[in-house]
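Heads up: the sequence lines are chains A and B, in that order.
0 is the number of the first residue of the first sequence in numbering that gives the first Met the number 0; add one for each residue after it.
0 is the number of the first residue of the second sequence in numbering that gives the first Met the number 0; add one for each residue after it.
Since the hints were derived computationally from the structure, they do not count as laboratory data.
C-beta: ideal position from N, C-alpha, C; glycine also.
One should not assume that every hint holds.
Unchecked claim - Once the Cα atoms are required to be at most 25 Å apart in a straight line, the calculated DSS-like pairs of lysine-lysine come out as:
1. Lys906(A) to Lys727(A)
2. Lys682(A) to Lys3(B)
3. Lys84(B) to Lys727(A)
4. Lys682(A) to Lys744(A)
5. Lys682(A) to Lys878(A)
6. Lys58(B) to Lys849(A)
7. Lys777(A) to Lys727(A)
8. Lys84(B) to Lys58(B)
9. Lys720(A) to Lys74(B)
10. Lys812(A) to Lys682(A)
11. Lys74(B) to Lys92(B)
12. Lys812(A) to Lys727(A)
13. Lys657(A) to Lys682(A)
14. Lys777(A) to Lys812(A)
15. Lys92(B) to Lys22(B)
16. Lys727(A) to Lys22(B)
17. Lys3(B) to Lys22(B)
18. Lys682(A) to Lys74(B)
19. Lys58(B) to Lys92(B)
20. Lys74(B) to Lys3(B)
21. Lys58(B) to Lys854(A)
22. Lys744(A) to Lys657(A)
23. Lys22(B) to Lys854(A)
Said to hold, decoys possible - Some chain B residues near chain A, calculated using beta-carbon distances under 10 Å:
24. Asn12
25. Leu15
26. Leu20
27. Gln65
28. Ile79
29. Ala83
30. Lys84
31. Thr103
32. Lys104
33. Ser107
34. Gln109
35. Val111
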Amino acid sequence: MMNYDVILVGGALAYLGVLFGIAYYGDQRADAGRSIIANPYIYTLSLAIYCTAWTFFGSVGLAATTGVYFLAVYLGPTLMAMLFWFVLRRIVRITKVHRITSIADFIASRYGKSGLLAGLVTVVAVIGILPYISIQLKAIAISFNLLRHYPEVRMAAASAQQPVWADTTFYVALVLIVFAILFGTRHIDNTERHEGMVAAVAFESLFKLVASVMVGIAVTFMIFGGPGELFQQAAADPELAALLHFEVVPGGYGGWLSLLFLSMMAFMFLPRQFQVMVVENVNEAHIRKAIWLFPLYLFLINLFVLPVALGGRLIFSDSDVDADMFVLALPMIEQMPTLAMLAFLGGFSAATSMILFETITLSTMVCNDLVMPLLLRAKSRWLAGRADLSGLLLGIRRAGIVVIILLGYLYFRFIGETYALVASGLISFAAAAQFAPPILIGLYWKRANRRGALIGLSGGFLIWLYTLLLPAMARSGWIDISFVEMGPWGIEWLKPYALFGLEDMNIYMHSVFWSMLANVGGLVFGSILNRPDPLEQVQGSQFVNVMERERHDGDSLLWRGVVETSQLYDLLARFLGPQRASEVFDRYGQEHGGYPLQADPRLIHHTERLLAGAIGAASARVMISSIMMGEVLSIEEVMTILDESSQVIEYSRRLEQKSRELEAASAGLREANDRLRQLDRLKDEFISTVTHELRTPLTSIRAFSEILLANPDMDVEQRSKFLGIIVKESERLTRLINQVLDMAKIDSGRIDWRIETIDLRALIQDAINATSQLFCDKAVALHEDLGERPATIVGDRDRLIQVIINLLSNAVKFCPDQGGEVTIQLRPLANHWRVAVIDNGPGIAHDQHKLIFEKFHQVVDTHSGKPQGTGLGLPISQKIIEHHEGRIWVESALGQGATFLVELPGK
Amino acid sequence: MANKILVVDDEPNIVLSLEFLMKQAGFQVRTAADGEAALAAIAAEAPDLILLDVMMPRKNGYEVCQAVRANPDWKAVRIIMLTAKGREVEREKGLALGADDYITKPFSTQEVVERVRELLAEAD
Numbered sequence: 000m001m002n003y004d005v006i007l008v009g010g011a012l013a014y015l016g017v018l019f020g021i022a023y024y025g026d027q028r029a030d031a032g033r034s035i036i037a038n039p040y041i042y043t044l045s046l047a048i049y050c051t052a053w054t055f056f057g058s059v060g061l062a063a064t065t066g067v068y069f070l071a072v073y074l075g076p077t078l079m080a081m082l083f084w085f086v087l088r089r090i091v092r093i094t095k096v097h098r099i100t101s102i103a104d105f106i107a108s109r110y111g112k113s114g115l116l117a118g119l120v121t122v123v124a125v126i127g128i129l130p131y132i133s134i135q136l137k138a139i140a141i142s143f144n145l146l147r148h149y150p151e152v153r154m155a156a157a158s159a160q161q162p163v164w165a166d167t168t169f170y171v172a173l174v175l176i177v178f179a180i181l182f183g184t185r186h187i188d189n190t191e192r193h194e195g196m197v198a199a200v201a202f203e204s205l206f207k208l209v210a211s212v213m214v215g216i217a218v219t220f221m222i223f224g225g226p227g228e229l230f231q232q233a234a235a236d237p238e239l240a241a242l243l244h245f246e247v248v249p250g251g252y253g254g255w256l257s258l259l260f261l262s263m264m265a266f267m268f269l270p271r272q273f274q275v276m277v278v279e280n281v282n283e284a285h286i287r288k289a290i291w292l293f294p295l296y297l298f299l300i301n302l303f304v305l306p307v308a309l310g311g312r313l314i315f316s317d318s319d320v321d322a323d324m325f326v327l328a329l330p331m332i333e334q335m336p337t338l339a340m341l342a343f344l345g346g347f348s349a350a351t352s353m354i355l356f357e358t359i360t361l362s363t364m365v366c367n368d369l370v371m372p373l374l375l376r377a378k379s380r381w382l383a384g385r386a387d388l389s390g391l392l393l394g395i396r397r398a399g400i401v402v403i404i405l406l407g408y409l410y411f412r413f414i415g416e417t418y419a420l421v422a423s424g425l426i427s428f429a430a431a432a433q434f435a436p437p438i439l440i441g442l443y444w445k446r447a448n449r450r451g452a453l454i455g456l457s458g459g460f461l462i463w464l465y466t467l468l469l470p471a472m473a474r475s476g477w478i479d480i481s482f483v484e485m486g487p488w489g490i491e492w493l494k495p496y497a498l499f500g501l502e503d504m505n506i507y508m509h510s511v512f513w514s515m516l517a518n519v520g521g522l523v524f525g526s527i528l529n530r531p532d533p534l535e536q537v538q539g540s541q542f543v544n545v546m547e548r549e550r551h552d553g554d555s556l557l558w559r560g561v562v563e564t565s566q567l568y569d570l571l572a573r574f575l576g577p578q579r580a581s582e583v584f585d586r587y588g589q590e591h592g593g594y595p596l597q598a599d600p601r602l603i604h605h606t607e608r609l610l611a612g613a614i615g616a617a618s619a620r621v622m623i624s625s626i627m628m629g630e631v632l633s634i635e636e637v638m639t640i641l642d643e644s645s646q647v648i649e650y651s652r653r654l655e656q657k658s659r660e661l662e663a664a665s666a667g668l669r670e671a672n673d674r675l676r677q678l679d680r681l682k683d684e685f686i687s688t689v690t691h692e693l694r695t696p697l698t699s700i701r702a703f704s705e706i707l708l709a710n711p712d713m714d715v716e717q718r719s720k721f722l723g724i725i726v727k728e729s730e731r732l733t734r735l736i737n738q739v740l741d742m743a744k745i746d747s748g749r750i751d752w753r754i755e756t757i758d759l760r761a762l763i764q765d766a767i768n769a770t771s772q773l774f775c776d777k778a779v780a781l782h783e784d785l786g787e788r789p790a791t792i793v794g795d796r797d798r799l800i801q802v803i804i805n806l807l808s809n810a811v812k813f814c815p816d817q818g819g820e821v822t823i824q825l826r827p828l829a830n831h832w833r834v835a836v837i838d839n840g841p842g843i844a845h846d847q848h849k850l851i852f853e854k855f856h857q858v859v860d861t862h863s864g865k866p867q868g869t870g871l872g873l874p875i876s877q878k879i880i881e882h883h884e885g886r887i888w889v890e891s892a893l894g895q896g897a898t899f900l901v902e903l904p905g906k
Numbered sequence: 000m001a002n003k004i005l006v007v008d009d010e011p012n013i014v015l016s017l018e019f020l021m022k023q024a025g026f027q028v029r030t031a032a033d034g035e036a037a038l039a040a041i042a043a044e045a046p047d048l049i050l051l052d053v054m055m056p057r058k059n060g061y062e063v064c065q066a067v068r069a070n071p072d073w074k075a076v077r078i079i080m081l082t083a084k085g086r087e088v089e090r091e092k093g094l095a096l097g098a099d100d101y102i103t104k105p106f107s108t109q110e111v112v113e114r115v116r117e118l119l120a121e122a123d
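Looking at chain A on its own, in the form it has when it is part of the complex:
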């Protein structure tokens, strides 16, 4: 028997040695800048740290009693993987931008770098995770105790009945403490990333997968004659057959759903999961591959769970072998020592990776978010005097590891031993789920603030404590069991498994229901009822908008103080060590072309983020502010400063806005002025043009009148010629004055429209009659094409006649002296009447088609070179037609005559 002990201990230590070697190699390579973990496969394997001894041993244990129920724990992460691209990528981006080092850091950063919140998260994480650590210790110890009696399959006595020094579990804990310290706290990193650890975890994931599949294959194909035979035998036993149906699931669909929910949340928000998935992620693109690769891993590792469980039930039907140990006991009873050793090491691997990584992660959180802030507060002067704090940080972390693993051992010894592996694990899952609301809601809802997160998280945690942890203690005899059965002091509605009378529920579902209600409710209402301070607002909007912005220097705006670069260097050197600090500063200098004597906000911000990597965001902020002000400030004082500086920012922002408004107003004024000036100019031009047009006929009238007056003896023929000119020019003047008045009336809207139902056809006829003299004078032929039916429209008869007369006289005017022809058409369209006046004159160039409808724009007659008419006829016609909601335009080309078209809506 002694022999086996040596082999087992030697095997386990050798395995840990190999792991250590991998971790060491990984760190070396990372330092050399040639990362071995920078690929999606290692990333995916590292995510499989999710699969612990719970999976390796516990799934079979659970499947042996409740069939497919165990699957929910793996369907949850599979579902979550589908959401990776939306949720995880966002979290990873934020973590990179803000140099976040842990889940506590993440939540604290989101809610205004709240030290209090970081501490609370740490406490919840440590207490919540203890049951989980305990089951790993338990699994290692039980499997060790089982295998050391090989080939006899005999369950060892419970540890609690032995003194501590005779308890295998205790020694397992001690060994793991040593390794955790060796692995995790060799130096303080400025990013708090552990490449070597991740490489080791990936190796362990591969190892436990291989071990699990090998055992599965051996059981299915060697012990039994393949899956067909195995399931046939199981189906013959009615009790086992029931395991293959969903009905056996405890709590029915509610139980499934709660397990699904818990595993989804735990997969993301267990501290170590957050660490490997988010903090250790080196490339966002790896997430894309993990989305399908990780579910594949889960599928493989679960493939043989049911066969092994059924096989165990069949073979150990009348022995006391714990179903949790079937994976190991089956190879043992079948005399397969190598496979048994592989199974033991597989379980050992699954358990150690969880314990090592979880405790290192937690101890960092304890150091950064719990101990350091307290030290900074209580003993700041003592701290300020110490030159190099990196040793202190390492010490705190090592102590953290020791305390956490020992607490896990205590939980195992006093509470956990009476529970199956999975039952204890689920208690931890429910605790990790408490981090989901502040993280997920904080990712998408800007208003979510610190007060809300504090209320929600503590509410959810207290309910978890009350509905899961305290009852577990009661069941182990540490509290009177009547607490569970009758409620505290016999108060029925306070029973921890049936809070407020919510009975007949799976205990996890019950706890999840109440704790999530308190958590989400507290977060939402706490946030709505409280105003966030400026830092919370800044952080909130940076987190929510992280995908929209590439880079952001928003933080640095908040540093308004003055600090010398050398002070920043000293600070960094104290936490990271002088060598690392000078490396960092040199790199900054290279990238930014040297660093200034007086640190600018960017350098301060840079230092803050580096410090945040070592001691967490909240502590880093306090440290920076302490040297900036020349003395150590309390967190509240820092907040006050931030508050004030943000008020200054707010004030200057308002000033800026005011000046922008003024600028806009004066720009508006300038524009209005320009427009007025433009109108002035147009009006001036109009008056000048009108003046010119009026003076021209007047000139002739005056000249000839004076000539006639001065020459009374002029011959009759000449006299009557001059008189004729005077009459003609007077008429022209009259016409012009009328049109100008018309135009003015229409422009000012003072015209009286007499709207009535009229026949457009008859109206055109009247216009033709009125202009018949013009046609006769110039011998222009008029073709009428007006159809037979009356064309009823609604409008002002006199004005419309004016338009048609204008078009007809224009047509005559521009017709050639010989062979002039004008056609007037009236055509019905769908809802309109169209009048066309077509001449065979010189036509109008295309660029003139719009201009001719402008006031005083005249078409030059190519015959005489003299524009004819007043230049107001067409503009007035256009106004009239537009008033009737019709339109008027010209179609023409030079040398091809012109067609003026009018469309008026029919009645």
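Guided by the hints, dock chain B onto chain A, whose structure is given.
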């Protein structure tokens, strides 16, 4: 030898009245209906004085005035601008371009004749 006058305007009736007035005053008169015709007439035989309308198609009065003043051969030609646009700037522009006098339409027949006589007397 009677002085030669060129009357330039695009309004036939105004040309007619000015032609009548100038002939009655004893001058030799030619006419043109636009700027280009005016320049052609000047090039054919330089007049002693031009009565020049401003607003005309195909080269306005200002352009004609400028062209005449640009040619040293026509230095002696007197120019009176006629315009119906009564703004002061127009008058200034005309004088700046080298016109000798400026008359606003509608004009007094007596005044036109007097101004023409005065200018021609100055030239002699």
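To see whether the hints hold, each was checked on the structure:
Using a Cα cut-off of 25 Å, the hinted pair Lys906(A) and Lys727(A) is violated, with the two alpha carbons roughly 41 Å apart. Of the supplied pair hints, the one linking Lys682(A) and Lys3(B) is violated, its CA atoms being roughly 41 Å apart against a limit of 25 Å. Among the hinted pairs, Lys84(B) with Lys727(A) is consistent with the structure: their alpha-carbon atoms are about 22 Å apart, no more than 25 Å. Distance check on the hinted pair: Lys682(A) and Lys744(A) sit about 15 Å apart at the alpha-carbon level, within 25 Å; holds.
A threshold of 25 Å between alpha carbons decides the hint, and for Lys682(A) with Lys878(A) the separation of about 18 Å falls inside it, so the pair holds. For the proposed pair Lys58(B) and Lys849(A), the alpha carbon gap of about 24 Å is at most 25 Å, so the pair holds. Using a Cα cut-off of 25 Å, the hinted pair Lys777(A) and Lys727(A) holds, with the two alpha carbons roughly 17 Å apart. Proposed proximity of Lys84(B) and Lys58(B) is supported: the alpha carbons are some 17 Å apart, at most 25 Å.
Restraint check for Lys720(A) and Lys74(B): not satisfied, since their Cα atoms lie roughly 38 Å apart, outside the 25 Å limit. Only pairs whose Cα atoms come within 25 Å are accepted, and Lys812(A) paired with Lys682(A) is rejected, the gap being roughly 29 Å. With a CA separation close to 19 Å, the supplied pair Lys74(B) and Lys92(B) stays within the 25 Å bound. Restraint check for Lys812(A) and Lys727(A): satisfied, since their Cα atoms lie roughly 16 Å apart, inside the 25 Å limit.
Among the hinted pairs, Lys657(A) with Lys682(A) is inconsistent with the structure: their alpha-carbon atoms are about 37 Å apart, more than 25 Å. Taking the CA atoms of Lys777(A) and Lys812(A), the gap is near 9 Å; set against the 25 Å cutoff, the hint holds. Between Lys92(B) and Lys22(B) the alpha-carbon distance is near 29 Å, which puts this suggested pair outside the 25 Å criterion. A hinted pair counts as satisfied when its Cα atoms are at most 25 Å apart, and Lys727(A) with Lys22(B) qualifies at roughly 24 Å.
Of the pairs offered as hints, the one joining Lys3(B) and Lys22(B) holds, with about 10 Å between alpha carbons and a cut-off of 25 Å not exceeded. The suggested pairing of Lys682(A) with Lys74(B) is violated, with an alpha-carbon distance near 39 Å, which exceeds 25 Å. At roughly 16 Å between alpha-carbon atoms, Lys58(B) and Lys92(B) fall within 25 Å of each other, so this suggested pair holds. At most 25 Å may separate the alpha-carbon atoms for a hinted pair to count; Lys74(B) and Lys3(B) meet this at roughly 15 Å.
Straight-line distance between C-alpha atoms of Lys58(B) and Lys854(A) comes to about 22 Å, which keeps the hinted pair within the 25 Å bound. Note on Lys744(A) and Lys657(A): the hinted pairing is violated, with a Cα-Cα distance of about 44 Å set against a maximum of 25 Å. Under the criterion of a C-alpha separation no larger than 25 Å, the hint pairing Lys22(B) with Lys854(A) is inconsistent with the structure, at around 38 Å. For Asn12(B), the shortest C-beta to C-beta distance to chain A is roughly 4 Å, which falls under 10 Å, so the interface hint holds.
Here the hint on Leu15(B) is kept, as its CB sits about 7 Å from the closest CB of chain A, short of 10 Å. Interface hint status for Leu20(B): upheld, as the beta-carbon distance to the closest one in chain A is roughly 7 Å, under 10 Å. Taken as an interface hint, Gln65(B) does not check out: its beta carbon lies about 20 Å from the nearest beta carbon of chain A, beyond 10 Å. Restraint check, Ile79(B) versus chain A: the minimum CB separation of about 14 Å is more than 10 Å; hint violated.
Restraint check, Ala83(B) versus chain A: the minimum CB separation of about 4 Å is within 10 Å; hint holds. A distance limit of 10 Å between C-beta atoms decides the matter here; for Lys84(B) the minimum to chain A is near 5 Å, and the interface restraint holds. The restraint placing Thr103(B) at the interface with chain A holds, with a minimum CB-CB distance near 8 Å, inside the 10 Å limit. Annotation: Lys104(B) was flagged as interfacial toward chain A, and the flag holds, the nearest CB pair being 4 Å apart, inside 10 Å.
Proximity of Ser107(B) to chain A holds as hinted, the smallest CB-CB distance being about 7 Å (cut-off 10 Å). Taking 10 Å as the C-beta contact cut-off toward chain A, the hint placing Gln109(B) at the interface holds, the least distance being around 7 Å. With a least beta-carbon distance of about 8 Å to chain A, the hint placing Val111(B) at the interface is held under the 10 Å criterion.
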